[in-house]
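Peer 1: Spelled out from the first residue to the last, the chains are:
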Amino acid sequence: MGRTEARKRKLLVIGNGMAGARTVEEILARGGAEQFDITVFGEEPYGNYNRILLSNVLSGTQDPSEIFLNSLNWYAEKGIELRAGVRADVIARPHKAIHCDDGNWYQYDNLIIATGSRPSIPPIAALRRANGEFRPGIFVFRTLDDCHKIAEYAAKCRRAAVIGGGLLGLEAARGLLNHGLAVHVVHLMGHLMEQQLDPQAAAILRRTIEAMGIQVHLKKLTKAALGDDQVTGLAFEDGATLDCDMIVVATGITPNAEIGSRWGLVTERAIVVDDHMRTSDPEIYAVGECAQHRGRVYGLVAPLWEQTKVLADQITGTNPDATYQGSKLATKLKVMGVELVSMGVVEPDRENEDVVQFMEPRRGIYKKLVIRDGRLAGGIMLGDVSKAAYLMQAFDRDIRLPDEWLSLLFDTGAPTAEVTFAEMPDSVQICNCNGVSKGTIVRCVGGGKRSLKSVMETTRAGTGCGSCKTLVGELVEWACGGRVEDDPSVHYYVPDIPLTKTELVKAVRDRSLKSVSAVYQALADGKDEPAGKPGLASLLKIIWGDEYQDERDARFINDRVHANIQNDGTFSVVPRIYGGVTSPAELRRIADVAEKYHARMVKITGGQRIDILGIRKQDLPYVWRDLGMPSGHAYTKAFRTCKTCVGTDFCRYGLGDSVQLGIKIEKRFQGIESPHKMKLAASGCPRNCAEATVKDLGAVAVENGWQIYVGGAAGSTVRAGDLLATVKTHEEVLTLMGRFIQYYRENARYAERTYSFVQRLGIERVRAILIEDCEGEVARLDREVEAAVAAYRDPWLERSKPYEPTQFAEAGRVENHAGEFAADAVH
Amino acid sequence: MPSTDSHGKEESVWVPAGTIEQIPVGQGRCVLTGARQIALFRLRSGEVYALDAVCPHRGGPLAEGLVGRETVICPLHAFKFSLRDGRGLDNDFSVKSYPVELRDGNLFVGFPAGDGPHTVADGGA
Ligand code: SRM
Ligand SMILES: Cc1cc2nc3c(=O)[nH]c(=O)nc-3n(C[C@H](O)[C@H](O)[C@H](O)COP(=O)(O)OP(=O)(O)OC[C@H]3O[C@@H](n4cnc5c(N)ncnc54)[C@H](O)[C@@H]3O)c2cc1C
Ligand code: SF4
Ligand code: FES
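Residue numbers (our numbering), protein chains in the order written: chain A, 1 to 827; chain B, 828 to 952.
Looking at chain B on its own, in the form it has when it is part of the complex (with noise of 0.2 Å):
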């Protein structure tokens, strides 16, 4: 299932994120996924993928944008960033991406080894 290619899946931490119904098709959802925000975008593709739930520029819910092709839009100033590697994509900010895998429409967010939501106590929401 898509991962993203920056992260090595031996050394993730794959925490639940909940099922696969709760994203609306073509629309992302902000999950709390250990003690974290992700924002989880479910494409019409098929493909799905996880960035940090907050925008890098004002803070905005990037779960609540439009998404398509590989990009996501910040719905309070149109800010667009990569679905991929949360690039920024007309900006010099960048949010931070993680894999993601869908098993028996269950969803899993990888999480680099050591950096695991379990571990990190300033991570949380």
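This is chain A alone, in the form it adopts within the complex (with noise of 0.2 Å):
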């Protein structure tokens, strides 16, 4: 109305592509729309597309709708005028104006070009017609467009052939071969993706793209296209043809710069730009793949992004400090979906760098690290790259490496991936058990708690299965900034006595506490945090043996009535098959108890036994009776099974009998209670049908002997164990079991499973001190585990001596039960 408004600025944009239109985004968040008229011409007549995802449209796998970034919708609502399909082709610098293909003249403040590249197009024959158009069967793969005419085109065609190895000649083979062609891909270079990839690497990528069905042909130079209206091949300069009926053409790329140094913009490769994104001409800007910032030309989108930022900040005067000060180019990149990330330099010079490798070509994997002075100076991750975010953020930031390398690698208890909680969206579900998010975990640290335990505490992240406890910890500590608080109680052995398991055996020893009341009377003014009971328990066990004063309140409920509770407050009842042989007497009671009893399911066991599923808790006793069998000890921290496969009886390859073996080594260890549970198998052979290696202690029949492998895990973790020695005879395994069990049995943390205490220790350690006998200990283990084996008791007998009155009493009719669970007087 009466007010004049301080006139907008105009702003024009040359090049409608991703950094041209990520640009103008920036500018907007930058409040740039009450700063500037902004106009944006693109040569292709479409809204703002992503280019990357080009490869997916191509193979089929994603439909050209889902790749818009920004509709032509999206301008109009944010007041962008866009001139879609309008070529600009002059600049007109002294009157600050440009020129485009539609006739018209636009008037300029300041100006952006980017306008990105072009496919460039080595010097072969016979790829054009006389008006310079490509021949038909002819394509480059740089647009939409592109995409469509090959996609068409591949309809009537048989056989392809792609010039460039390089990451686009690829991923426009993948595209081909999705249409069903037969593909070949030309190389002029001695390996694919020179420009990533070490020529392991390459080799590797390349077996695992031939095995897609694609075939490589390297180091060869193209000298023309053959055929006369149709394309029917290629001719090579070493005389070789290759038939194919079209080619698609990927030798790289050429920048956009002609519009630059037509018009008197400084351009060398390409459009010369300063560390503020501005041209040699202050009021013209340049970004993308059309603009050369320290004599770099990038050709990937991560640097871009960096660029628009800066360019944003300047433009808007935000922020007059921003510099782009170049990038250094880390990227992940998906090659055919083979998962790739690639940085800095690949080839190391011998001389001042390190070089880790490692390589499984079988499996398609593959990892460098280039060291120089501790921090990194490049690196491949081929197949596996799981590791890449905590190494692409120590080599962007120059940070310094850990001593240990291996770890880097792989997944050793390695440094913390800082970048990656950092890139995991809020969402992400850290702990399955209780459906935590991380963004619950780092709300409840921003509230204040700072230690793992309290967050645990406040959450139940890691309450559950406690799979995920690391990765909370870790979780913690990143949200914290480092500056966790040391929760001493985490050292403790049980929550409330301030003592660690060492000082804790020394103060149970000096004041000679026999029960777990006893502990809590003499060490925590009798306050019995019930968290803690299980946990002492069964040190006072290990500590006292036959001297151990039982406290039955002290055990959780399935050790109480011996059986697993289940989600309804029923039981499950697993009795013992030793070895998982079973007998068709056995099997019929098993029957008759189950129904007898109404179970609601009886079920073959992971563990080759037998699991009735749903008793009473009153009927546990008689069923107990019926069945006959001991207890399967399916419910606690004990030894729980041997597993076994048929071995030397029946297999035509058994080399040892694994069955026998498999039932001797149930009938000594059975019952023997532990830190965690213990699970045991025997195989004949080492096929190690009963997966031996992946269990807590593990035997496997080799020509004249067995192997022992312990710490195997296949469960939450998975884990192959390690060897501990290899034997001769049954007795010598059951030795050295026995020998393991006890010193995992004194020396685990409560709840610590083999394959974490093995982990821990090392087993050079534990060979050391089982096999060489380095501490002098081994005789005296042997004599307690037989101790432990000696003082075995089937739980089940309580069936006719319950330990106290009500310990099997219905739920709610207490009264009417007192002193009727002599099972065998009273059914």
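Take these hints with a grain of salt, some might be off.
Stated by the list, open to error - Computed cross-link-like contacts, DMTMM-like style, restricted to lysine to aspartate or glutamate with a CA-CA straight-line distance of at most 20 Å: (1) A:Lys334 to A:Glu360; (2) A:Lys453 to B:Asp917; (3) B:Lys907 to A:Glu529; (4) A:Lys527 to B:Asp912; (5) A:Lys527 to B:Glu897; (6) A:Lys664 to A:Asp782; (7) A:Lys469 to B:Asp917; (8) A:Lys501 to A:Glu746; (9) A:Lys78 to A:Glu34; (10) A:Lys156 to A:Asp228; (11) A:Lys8 to A:Asp37; (12) A:Lys506 to A:Glu746; (13) B:Lys907 to A:Asp243; (14) A:Lys664 to A:Asp568; (15) A:Lys96 to A:Glu81; (16) A:Lys10 to A:Asp275; (17) A:Lys453 to B:Asp919; (18) A:Lys219 to A:Glu194; (19) B:Lys907 to A:Asp568; (20) A:Lys219 to A:Asp243; (21) A:Lys677 to A:Glu691; (22) A:Lys527 to B:Asp917; (23) A:Lys309 to A:Asp275; (24) A:Lys801 to B:Glu848; (25) B:Lys907 to A:Glu457; (26) A:Lys527 to B:Glu874; (27) A:Lys506 to A:Glu485; (28) A:Lys728 to A:Asp649.
Claimed, not checked - Residues from chain A shown here face chain B by an in silico Cβ test under 7 Å; the list is partial: (29) Ser517; (30) Asp525; (31) Asp528; (32) Glu529; (33) Thr806; (34) Ala811.
Keep in mind that the hints were calculated from the coordinates and are not lab data.
Using N, Cα and C, we set each Cβ at its ideal position, and we do this for glycine too.
Could you use the hints to bring the two separately framed chains together as a complex?
Peer 2: Following this line, the structure appears as structure tokens:
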């Protein structure tokens, strides 16, 4: 109205590709709409799409409509004028105006050039017609229109050749493969993707893609396209030819920089910009693949994102100090479905640089790090990029690497991947048991909880199966910015007694504390924190053996009634079936019991025995009596099972009698309590049908003996067991296993499975102690385990002599049942 | 004898809940009291507490839980509840708590008058 608004500046953007459109977004994000009237010119007749995803469009895995980043509507909503399908051809700098192929002149105050690049075409004869157009059957791969044309033509073809074995060429090849063509990739260089890969990695990639059906021809210089009207093949410098009925040329890119050089902007390989993304004309900026910064032209998107931010900071005046310093190229790509990370130098200069390298060609995995002065100079990860986040960050920020390099490539308790947490969306579920997300944990830390323990208590994260506990710990540490409060109680053996395991054992011995309640009386003013009771009971039992004073209130319900509680309050009954070998008579009794006591289900377990599920607590004693079989201890922290395979008695490959060994193992160690459960197995030959190498303890028969493995796992954690020793006889197996069991009982933490125990100690140490007897403990360990074996008593015998009158009381009917639990007498 | 602070004795109806011997020291047992399932807990300190028997989380049998101090831990997913007032200690649930009296070895649970099990048809097990 009456007020004169400050006139908005006119901003023109030439090029509506990934860099151009993103720059506009960044400008808008800085309130640029207040300062500028923006007009964008794009030669392609579309809004802005994600060029990277063209590979998926070509291969048919994504619909073109899915790859748009900014639709035509977006421009309208933001008040931006988009001239789609319009090409700029003149920059009249003295007049501050550009001319376009729609015949119009447009005035500017500021201009941004974001024209990207175009495919570069090598000198190959007979690619084009006289008028300069490509002959039918010859294509490049840069735009959405290119994709449509290739796909349409491919429908009539059987064989395609792609010239160029770089990223683009391989993506084109994958696309064509999906159209059902026989595909050949012809490459000039000695190995594929020489920009990102070294020869070994390239060889592995070649193997992988040849397995997909693509033929690779290396060191081939293409001389001419063959055929008259129709393309019929390629001719090479060495005289060879290749039949094909279409050709895609993907041999590199040339920046669209002529619009700069022709109109007087300093241009070398591309339009030269300074650290503010300005060209030699201060009113004109350039960004993306058409720009050259400090001598470098980038051909991937990550650097462009950094450039667009600086440009927007500068042009809007939001941050006049913003500078672009160049990008370290660390790229994460998907090449034909194979994950690849490539960064920095991939070939070391052997004098100053170290190389850490790992190769697993069969699985298509290759990892290589080039390390200089303790920092990452570059690297390649192909096929397995699980450790990439940390490494890319270390590379980008020039972080000093830990001294131990192995863990950089593999998960051996590796350095925390800060980037993975930063990159991880808040909604990602960290604790799968309790459904706790990253966001919840981060908010909890923000709310003042700064120790793992307090976060676990507040959110319940990590309190289910526990497999995520390490991750939760790392996340808490990350969210605290490293300022985790050391919670001394995490070192306590049980929560409310401020003593570590060693200190506690000493106090218990010194004061002769033989029951859980005595420990709480003496060491915690009688405050018996229930969560600590079972752990204390387990420890006291190992310290005192026979002298331990059992108090049933220190036991978890399963250990009070010798069965596993179910979600509906009933129990499961798993009788012992030694070595997985049963008999028709036993099976009949199991069947009868299941019917008589209305079991909800009878199930073959993963431990080679039978589970009778859904038994009422008050029926347990009668079930056990009718079965007449001992407890299988499927409910407690103790020896569980010994799985076996049929072995020499039946199997044509059998080298050792695994069934008999398994039965002997199970008879000997049944019911022995330990810090956590122990599952064992015996296999009759290295085919290992009983999976002995992923058990807490396993024996595998080899020619003339048995290998003994310890610390294997295949539950929430998967770990291959370590070979402890190879021995000759069943008796030696039993001796060594017993020795290990006793050592584990005495030295593991409560609820620590052998897989973390052995990992923590290292197998060399375990061997030194148990085989070489470096601590002179072997004889004692053998004696102690013998005593534990001798003390075994089947807990199911409590059926006729309950420990306390209401041990198996029916819920809700206590008063009617007192004293009625001598099962043999009643039923 | 112990009764929780929050329940005035005057308004309570006292219903027999068996004998103290039925509950082993340091444990809990579920007792049918009138028409209700009540979890009774006998602490090593001598105190006795009563809560509704069913865990509000997913129906776990609270009487089978580990107890100590003033806490019971549900045997199914280890949620903790205060024995005094049934409040969830590490969760937002809570269970009803009741006063208990011990007379000559016999236990009595106090229900709010008017809400006694003899009058509550739907409160049954
Ligand atoms: C019955 C059975 C599943 C089946 O139907 O086959 C089973 C059932 C249970 N397993 Fe298991 N596991 C059973 C074989 C396995 C196996 C396979 C094996 O033993 O060969 C494994 C992988 C090996 C291992 O032990 O690591 C296995 C790894 C687990 C784990 C993960 C342990 C770990 O640290 O990785 C748990 C959780 C735990 O121990 O904390 C678990 C815990 C459980 C519990 C006891 C959960 C619980 O506390 O209530 C399940 C009882 C269900 C119920 O309502 O009764 N179960 N469980 C299997 C009984 C085997 C047996 O005859 O004794
Ligand atoms: C198939 C394919 C797969 C790719 N995969 C990856 C990948 O996995 N990872 C990665 O980082 N990068 C990848 N790239 C590279 C990435 O797409 C480019 O780095 C990025 O698109 C460059 O952005 P830009 O804006 O500079 O250029 P462009 O995106 O090419 O945009 C330039 C735009 O300007 C227009 N234009 C040109 N001249 C004019 C003019 N005179 N007037 C008007 N408009 C004009 C063009 O038509 C074009 O639309 C891939 C590229 C292709 C083709
Ligand atoms: S049986 Fe094992 S795997 Fe199955 S639900 Fe239970 S704990 Fe999980
Ligand atoms: S049912 Fe009680 S904690 Fe889940």
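Peer 1: Hint by hint, say whether it matches the structure.
Peer 2: Okay, the hints, checked on the actual structure:
Between A:Lys334 and A:Glu360 the CA atoms are separated by roughly 19 Å; this keeps the pair inside 20 Å, and the hint holds. Only pairs whose Cα atoms come within 20 Å are accepted, and A:Lys453 paired with B:Asp917 is accepted, the gap being roughly 12 Å. For the suggested pair B:Lys907 and A:Glu529, the alpha carbons sit about 11 Å apart, so the restraint of at most 20 Å is met. As the CA atoms of A:Lys527 and B:Asp912 are separated by approximately 18 Å, the hinted pair is consistent with the 20 Å bound.
A distance of roughly 9 Å separates the Cα atoms of A:Lys527 and B:Glu897; the hinted pair therefore holds under the 20 Å criterion. Annotation: proposed proximity of A:Lys664 to A:Asp782 holds, straight-line Cα distance about 17 Å (limit 20 Å). Distance restraint check for A:Lys469 and B:Asp917: the Cα-Cα separation of roughly 18 Å lies within the 20 Å cut-off, and the hinted pair is therefore satisfied. Of the pairs offered as hints, the one joining A:Lys501 and A:Glu746 holds, with about 11 Å between alpha carbons and a cut-off of 20 Å not exceeded.
Proposed proximity of A:Lys78 and A:Glu34 is supported: the alpha carbons are some 11 Å apart, at most 20 Å. With a CA separation close to 17 Å, the supplied pair A:Lys156 and A:Asp228 stays within the 20 Å bound. For the hint pairing A:Lys8 with A:Asp37, the CA-to-CA distance comes to about 6 Å; that is within 20 Å, so the pair holds. The straight-line distance between the Cα atoms of A:Lys506 and A:Glu746 is roughly 14 Å, inside the 20 Å bound, and the hint therefore holds.
Using a Cα cut-off of 20 Å, the hinted pair B:Lys907 and A:Asp243 is violated, with the two alpha carbons roughly 75 Å apart. At roughly 36 Å between alpha-carbon atoms, A:Lys664 and A:Asp568 are farther apart than 20 Å, so this suggested pair is violated. Between A:Lys96 and A:Glu81 the alpha-carbon distance is near 19 Å, which keeps this suggested pair within the 20 Å criterion. A threshold of 20 Å between alpha carbons decides the hint, and for A:Lys10 with A:Asp275 the separation of about 23 Å lies outside it, so the pair is violated.
Between A:Lys453 and B:Asp919 the alpha-carbon distance is near 19 Å, which keeps this suggested pair within the 20 Å criterion. Between A:Lys219 and A:Glu194 the alpha-carbon distance is near 12 Å, which keeps this suggested pair within the 20 Å criterion. For the given pair, B:Lys907 sits about 19 Å from A:Asp568 by alpha-carbon distance, which is consistent with the 20 Å threshold. For the hint linking A:Lys219 to A:Asp243, the alpha-carbon distance of about 18 Å falls within 20 Å, and the restraint holds.
With a C-alpha separation of about 17 Å, the suggested pair A:Lys677 and A:Glu691 falls inside the 20 Å cut-off, and the hint holds. With a C-alpha separation of about 19 Å, the suggested pair A:Lys527 and B:Asp917 falls inside the 20 Å cut-off, and the hint holds. Distance check on the hinted pair: A:Lys309 and A:Asp275 sit about 12 Å apart at the alpha-carbon level, within 20 Å; holds. Proposed proximity of A:Lys801 and B:Glu848 is supported: the alpha carbons are some 17 Å apart, at most 20 Å.
With a CA separation close to 11 Å, the supplied pair B:Lys907 and A:Glu457 stays within the 20 Å bound. A hinted pair counts as satisfied when its Cα atoms are at most 20 Å apart, and A:Lys527 with B:Glu874 qualifies at roughly 13 Å. At roughly 28 Å between alpha-carbon atoms, A:Lys506 and A:Glu485 are farther apart than 20 Å, so this suggested pair is violated. As the CA atoms of A:Lys728 and A:Asp649 are separated by approximately 19 Å, the hinted pair is consistent with the 20 Å bound.
Against a cut-off of 7 Å between C-beta atoms, the interface hint on A:Ser517 holds, since the closest Cβ of chain B lies about 6 Å away. Interface hint status for A:Asp525: violated, as the beta-carbon distance to the closest one in chain B is roughly 11 Å, over 7 Å. The restraint placing A:Asp528 at the interface with chain B holds, with a minimum CB-CB distance near 4 Å, inside the 7 Å limit. For A:Glu529, the interface hint holds, since its Cβ comes within 7 Å of a Cβ in chain B; the closest pair sits about 6 Å apart.
For the restraint placing A:Thr806 at the interface with chain B, the shortest Cβ-Cβ distance is roughly 5 Å, inside the 7 Å limit, so the hint holds. Proximity of A:Ala811 to chain B holds as hinted, the smallest CB-CB distance being about 4 Å (cut-off 7 Å).
Violated hints, listed in ascending order, are 13, 14, 16, 27, 30; each of the other numbered hints is respected by the structure.
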